[in-house]
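As you go down the protein sequences, you meet chains A and B in turn.
Be aware that the first sequence starts at 5, since it is given in my numbering, and climbs by one per residue.
Be aware that the second sequence starts at 795, since it is given in my numbering, and climbs by one per residue.
Please keep in mind that the hints were generated in silico from the structure rather than gathered at the bench.
Any given hint could turn out to be false.
Said to hold, decoys possible - One-sided and incomplete, this derived list gives chain B residues near chain A with beta-carbon spacing under 8 angstroms:
{"no.": "1", "residue": "W859"}
{"no.": "2", "residue": "L988"}
{"no.": "3", "residue": "E990"}
{"no.": "4", "residue": "A991"}
{"no.": "5", "residue": "R993"}
{"no.": "6", "residue": "A994"}
{"no.": "7", "residue": "Q1007"}
{"no.": "8", "residue": "P1009"}
Quick reminder that beta carbons are idealized off the backbone N, C-alpha and C, glycines included.
What follows is each chain in one-letter form.
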Amino acid sequence: MSTSIAPARSSVPALAVSLRGVSRSFAAETRGERPKLVLRDIDLEIAPGEIVSLIGPSGSGKSTLLRQVSGLDAPDTGDIRIDGTPLLGIDQRSAIAFQEPRLLPWRTIERNVELGLPRGTARAAGRSRVSELLRLVQLSDAGRLRPRQVSGGMAQRASLARALARGPGVLVLDEPFGALDALTRLTMQDLLLDIHAAEPATILIVTHDVDEAIYLSDRVVLLGEDPNAADGSGSTIRRIISVPGARPRDRADATLALLRAELLDGLGVSSHHHKPAPLQTTVRFDTF
Amino acid sequence: MPGTNEGVAEGSNTEPSASLYQTVSQFGYSAAGTALATPQRGPRRPRWLSVLLGALLPIALVVAWQVISASGLVPAYRLPTPISVWQAAIDLAQRGLLFTDIGISTQRVLLGFAFGAIAGLIVGSVIGLSRWASLVLSPTLGGFRAVPSLAWVPLLILYLGINEDSKVILITIGAFFPVFTTLYLGLRHVDRNLVEAARAFGLNGIRLLTTVQLPAVVPALFSGLRLALAQSWLFLVAAELIASSMGLGFLLIDSQNNGRVDRMLLTIVLLALLGKTTDALLGLAERWLGKRWR
Ligand SMILES: Nc1ncnc2c1ncn2[C@@H]1O[C@H](COP(=O)(O)OP(=O)(O)OP(=O)(O)O)[C@@H](O)[C@H]1O
Ligand SMILES: [Mg+2]
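Based on the provided sequences and hints, a complete structural model is requested.
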């Protein structure tokens, strides 16, 4: 697939993201109970242009962490910086694709993607960028449809295109390929890497798919509660694994199999170290 | 309410088939989850057919009416024939009374409805969007809403006298609350996820309002407007029955005093026609706005 994508008018260069001592808890539903600590002491430095995957069991606070990074929610303690400047609310240098597509039901797919364009984009330039993005996410024929007329996976790709439309310095993706079939998923992974090569951005991506994490990222961050700590102690970074080799990686690379086993281990999934598991099997831990 | 749903079926048949749909809640939409849609109905019905089907029952009613009154089953002084009602209409029109009554009643309804709807739009938006305004104003407005609107009549007549003002204001009160209530509730139920997504892409203030919040409440708003219109006609008749010297309500009470059942029936038919016509106009406005805005 060609990625001759016209750069966004105000395309931001990739920016560093820094999290220091980030914690977030939520007030308990019932009175008298302690607040629920979700994230505890998260320290993470992401270099400009780096791709970092975030994996962890369901409910471990991955989406919550992404909301902190995109400024939709503020941590109780700690600070978050983009390109060295502290985050104050929603930051236009970053763009997010939510776990759900969140498209406006009364707008066409095309006009939903348009919403992601940076403020002040000229009409013609905006239109050509939108149609280019729709072509890249294979939705050219669906541009005129409403969200309720497209499948869940199509809506998810539209939501990805909307985030890409911004040409952000930091791209925050919450399970962007979760609703896609295996083949489309691989295509979209390659698309993301192509766009990353053409328009470098710092990418923070949540996934449940270990193979996807290894294939896409420079580093994989494992989020989860310390099994030895008391219940409700909040998720921390359990492990950070650097993926060796440059992209594009060979999906069948045997050296990555060890990494895969290590990650599955970290997630508490028995991976049978002695006989390497087949690489193409996708494991979704939230079903375990 | 009669006639509210016509035209809905037509618009939805042009969609291609897709297996997953997003849920549409009563007040606006939800971005969350996908759900199976209601099954598609058969091929599109031509317009003339739906007009014909809709006209079937009224025609049958008139025929039955004619048969019953002409056969003497019910005496003519209780149920005059449709033809004599028609003649009463011509008679009134020739005396120049019919169109003055229709005109003045329509004017009262349109004025009262417009004032009430605009006030409802403004107050509903403010209270629906601002927590502070809601905290300060909601209880008071709730109290006023609890007063049956006709209870205002004696006060209005005392303060304003028996004139246009008191009638239009009564209708304004009747039209205000449905618009206010539906808009206010609609705005409070706009999917927070959608609002958050739009804010994440840099929308706020007026742009957020016109991009997400108002389009999301268009369906709720129009059901409020239609309720308000029906209320307006209701309060018109009430106001005119109580104190007036012109208008359809006056025609009713006057005919009652003179024992003119044909004119009473005529007024009922006229009210039905006027109510249905104005409601249909609102329906057209809704469709037009739906196309432009969304
Ligand atoms: N606004 C909120 N109020 C209260 N609790 C919240 C809120 N947002 C998140 N939580 C809690 O924080 C925890 C982590 O939620 P989060 O959505 O971040 O998980 P996740 O890792 O993204 O899970 P998944 O993989 O299932 O998407 C959950 O227990 C959730 O109940
Ligand atoms: Mg999540």
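- Message: Given R993 of chain B as an interface hint, is its Cβ closer than 8 angstroms to any Cβ of chain A?
- Response: holds (6 angstroms)
- Does the interface hint hold: is W859 of chain B within less than 8 angstroms of chain A, judged Cβ to Cβ? Since chain A brings no Cβ nearer than about 44 angstroms to W859 of chain B, farther than 8 angstroms, the hint is violated.
- Message: Using the nearest Cβ pair, does Q1007 of chain B come within less than 8 angstroms of chain A?
- Response: Nearest chain A Cβ about 11 angstroms off; hint violated.
- Query: Does the CB of E990 of chain B sit less than 8 angstroms away from some CB of chain A?
  - Reply: holds (6 angstroms)
- With 8 angstroms as the cut and Cβ atoms as the points, is P1009 of chain B at the interface with chain A? Result: holds, 5 angstroms to nearest chain A Cβ.
- Task: Please verify that hint: A991 of chain B, Cβ, nearest Cβ of chain A, below 8 angstroms or not.
- Result: Result: holds, 4 angstroms to nearest chain A Cβ.
- Message: A closest beta-carbon separation below 8 angstroms is what the hint needs, so does L988 of chain B meet it against chain A?
- Response: holds (6 angstroms)
- Using 8 angstroms as the Cβ threshold, decide whether A994 of chain B counts as touching chain A. Nearest chain A Cβ about 5 angstroms off; hint holds.
The earlier numbered hints that this structure contradicts are 1 and 7.
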